[in-house]
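*Asks:* As a plain string of letters, each chain reads:
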Amino acid sequence: MEIIEPIIEFKNVCVSYAKNTMAVKYVNAAVARNSITAIMGPSGCGKSTLLRAANLMHMLYPNITVGGEILLNGKNILDMEPIEVRRRVGMVFQRPTPFPTMSIYDNVLAGFSLNGIRLSKSQKEQIVETSLRNVSLWDEVKDVLNKKGTFLSGGQQQRLCIARALALKPDVLLMDEPTSALDPIATKHIEELLVQLKDEVTILIVTHNMGQAKRISERSMFMYLGELIEYDDSAKMFTDPRDERTKAYLTGKMG
Amino acid sequence: MNDKIFKIVLFTAALVIPFICGGIIYSLTIDASDAISHFGFFEFLSSSEWDYTPGKEQYGALPFITGTLLTTLLALLFCIPFSLPVSLFVGEYFKGTRMAEILSTVTDLLAGIPSIIYGLWGFYMLRPIIMALNISPQGSGILTAALVLAIMIVPYAASLSAEFIKMVPSDLKEGAYSLGATRAEVIRHIVFPVAGSGVFSSYILAIGRALGETMTVTMLIGNTNQMPDSLTATGNTMASIIANQFGEADGLKLSALIAIGLLLFCITAIINMIGKVLIKRARIV
Chain A
1 MEIIEPIIEF KNVCVSYAKN TMAVKYVNAA VARNSITAIM GPSGCGKSTL LRAANLMHML
61 YPNITVGGEI LLNGKNILDM EPIEVRRRVG MVFQRPTPFP TMSIYDNVLA GFSLNGIRLS
121 KSQKEQIVET SLRNVSLWDE VKDVLNKKGT FLSGGQQQRL CIARALALKP DVLLMDEPTS
181 ALDPIATKHI EELLVQLKDE VTILIVTHNM GQAKRISERS MFMYLGELIE YDDSAKMFTD
241 PRDERTKAYL TGKMG
Chain B
256 MNDKIFKIVL FTAALVIPFI CGGIIYSLTI DASDAISHFG FFEFLSSSEW DYTPGKEQYG
316 ALPFITGTLL TTLLALLFCI PFSLPVSLFV GEYFKGTRMA EILSTVTDLL AGIPSIIYGL
376 WGFYMLRPII MALNISPQGS GILTAALVLA IMIVPYAASL SAEFIKMVPS DLKEGAYSLG
436 ATRAEVIRHI VFPVAGSGVF SSYILAIGRA LGETMTVTML IGNTNQMPDS LTATGNTMAS
496 IIANQFGEAD GLKLSALIAI GLLLFCITAI INMIGKVLIK RARIV
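From first to last, the protein sequence lines are chains A and B.
Residue numbering for the first sequence follows the working numbering, beginning at 1 and increasing consecutively.
Residue numbering for the second sequence follows the working numbering, beginning at 256 and increasing consecutively.
Check each hint, because a few of them may be wrong.
Claimed, not checked - With a cut-off of at most 25 Å between alpha-carbon atoms, the simulated BS3-like pairs for lysine-lysine come out as follows:
hint: 1; chain 1: A; residue 1: 19; chain 2: B; residue 2: 350
hint: 2; chain 1: A; residue 1: 121; chain 2: A; residue 2: 169
hint: 3; chain 1: B; residue 1: 428; chain 2: A; residue 2: 147
hint: 4; chain 1: A; residue 1: 148; chain 2: B; residue 2: 428
hint: 5; chain 1: A; residue 1: 11; chain 2: A; residue 2: 148
hint: 6; chain 1: A; residue 1: 148; chain 2: B; residue 2: 350
None of these hints come from the bench; they were simulated from the model.
The shape of chain B in the complex, shown without the other chains:
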């Protein structure tokens, strides 16, 4: 009898989570449908107008999709030169040593810093530097946001890639060394090709992180609603436009924001799914 009750309690508790997830998707879809049916799905995606003058309201998601993709791609580019060496240090050069432990702990520490703190740091430290270097007059913008975003995703990319680099069998590496290869050659020709799909998938997951990051980006991107015309221009990402404007939005505008949210949700879910599938495949090999 007790067993049965326990089972029922467990079962209901476990059911709550998929139910909540389904509920989120359902309510997002319902609330977004107004805007999407008003503007048309593809029109909404491809329009770069964001005009909330009453009477001639016009909302399009293109500047924000562009902003999200640009910041994410830039962040990924900036992140690679830091995360790749870290993963090589931890997974290959200092594998299993105290040095590797310290390095990976410090890297993981980065992942634990609340994003508001990254935002503050970026706003008060990095932004003045960008201004001083004359890269952009206002300091904030896509580039600034991407730089901080890059630091934020380093731990995700680095620690997972290190796992895959560690898994490269030492048999293979010794085989290459026995042919007279240097360490750099072994890494280039053996370690990376063998760990490649795993390393790739860890970067996909890092992208998934960067896509949805809100607080830091909102503080640093400048929050303007037009299409960014250069990398140093201000802009908005899908996440930051929602964070910025949901408070004073209602009606069609709110629905447009929710539609952007739904879109972001789908993109992130797909990217994460691809990453997980790739990781599973990489583990098998």
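Isolated chain A (complex conformation):
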């Protein structure tokens, strides 16, 4: 499997929470542009930790250290300002996190207001509409934009969070088990949405759900005990995994 001009490249990435214990060990992987790449593995394998390092979330916690290089378009983000990195690498979390004191409208624009970017009213309206259309939420909420985001259903809230991240036009969208708190129908919605969004943004998604990885991703990583065991085209990995551990995980014997 060869990836030409990757958007993100992990080079010997190690993450540790405490001295002498590594949660992620020497991961090397390149992520292809405008594609969906899934990261799978049993709980505690380091998949979320790796994902969170890609927009420097670890820097919020002084005890976490990251070694190696994470290249975004060829530049090491570990040397960049977290604020700049996070505007270019958005993130969606496991539990939907609309800001409870803001309306739906303000939630979509939160990325701008939080960063102190001033927009004209027409710019705002345009961003809100495109971002919400992007996540197919516009028709459902266009009449209640002034209501609080927390009034929406779980699936709608998660789509609102995706819209909020997309509003800043990031290069990459990191998703940390974005559907694990949602029911099957809402999950299906989000999966369809992600496939549509590929043209605009590169998606790196951590998932517990093997079916989901198989359905939506072009490539998949399998991590185990902090190591990247296998990384291949999803079609190949799900039919003919090279490593015994991947096979055991995919067949439900492990995990």
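With chain A's structure known, arrange chain B on it following the hints.
*Replies:* Relative to the frame of chain A, chain B by itself:
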């Protein structure tokens, strides 16, 4: 049988407290009624005369209500720039670290200092400074009392606000960080709005403390009975006039003092009740 006796003992012991509370309210009301019926309730509230020349006695509570409100409001204003940073340090910046523990212990220590000591400190340290700075000639007054009062209520406001700031889910904060917000922006746009009602209610409770504080204020406010005409003027609060004059009071004057006490009791009770209700609401969210 034993169980029954135990229950009766518990029951009576528990009943004593509401009974005492009711008794206090009852006797305050009875003793205050003389003054209130003599001057009329609203006249008593709005009159600023405090004249105890026998024969033309005239008592009004307005200067003291004003004194209490002024010292409390000023104290609140002075307290915010200190208590808010402390609550942010403890609840957000150094959350769960040793640093936060030390800071909150020291702040709580302030709450344990007897008010007479604050009074002494204010009288012998702060008052000369106020005089030296030419803020007021006599040094004591509403401003001086409010400054010390502010220090006294910092721990109440700070430790409770810190609890509410701690409760802001880290999910939400990470959500904001992931959009490229800085820490200051997260605090301004996420932490404060979300913890807002809780923080507000902790300040209400701090106000409740400041309203009734007696010893420190009596030592620092200058104890004059006219309407204060500026913030540096001397005056009296509802609590300090009672502390000052109850010893030599009798008849109508005593009744007037008790009426002021009843008023203070009601105001404090209402403020505390509002604070508690708000806290309960804030906890639910």
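*Asks:* All hints, please: hold or fail.
*Replies:* Hint check:
1. A:19 - B:350: Holds, at about 22 Å.
2. A:121 - A:169: Holds, because 19 Å separates the two Cα atoms, which is no more than 25 Å.
3. B:428 - A:147: holds (21 Å)
4. A:148 - B:428: holds (17 Å)
5. A:11 - A:148: violated (42 Å)
6. A:148 - B:350: violated (29 Å)
Checked against the numbered hints given earlier, this structure breaks hints 5, 6; the rest are met.
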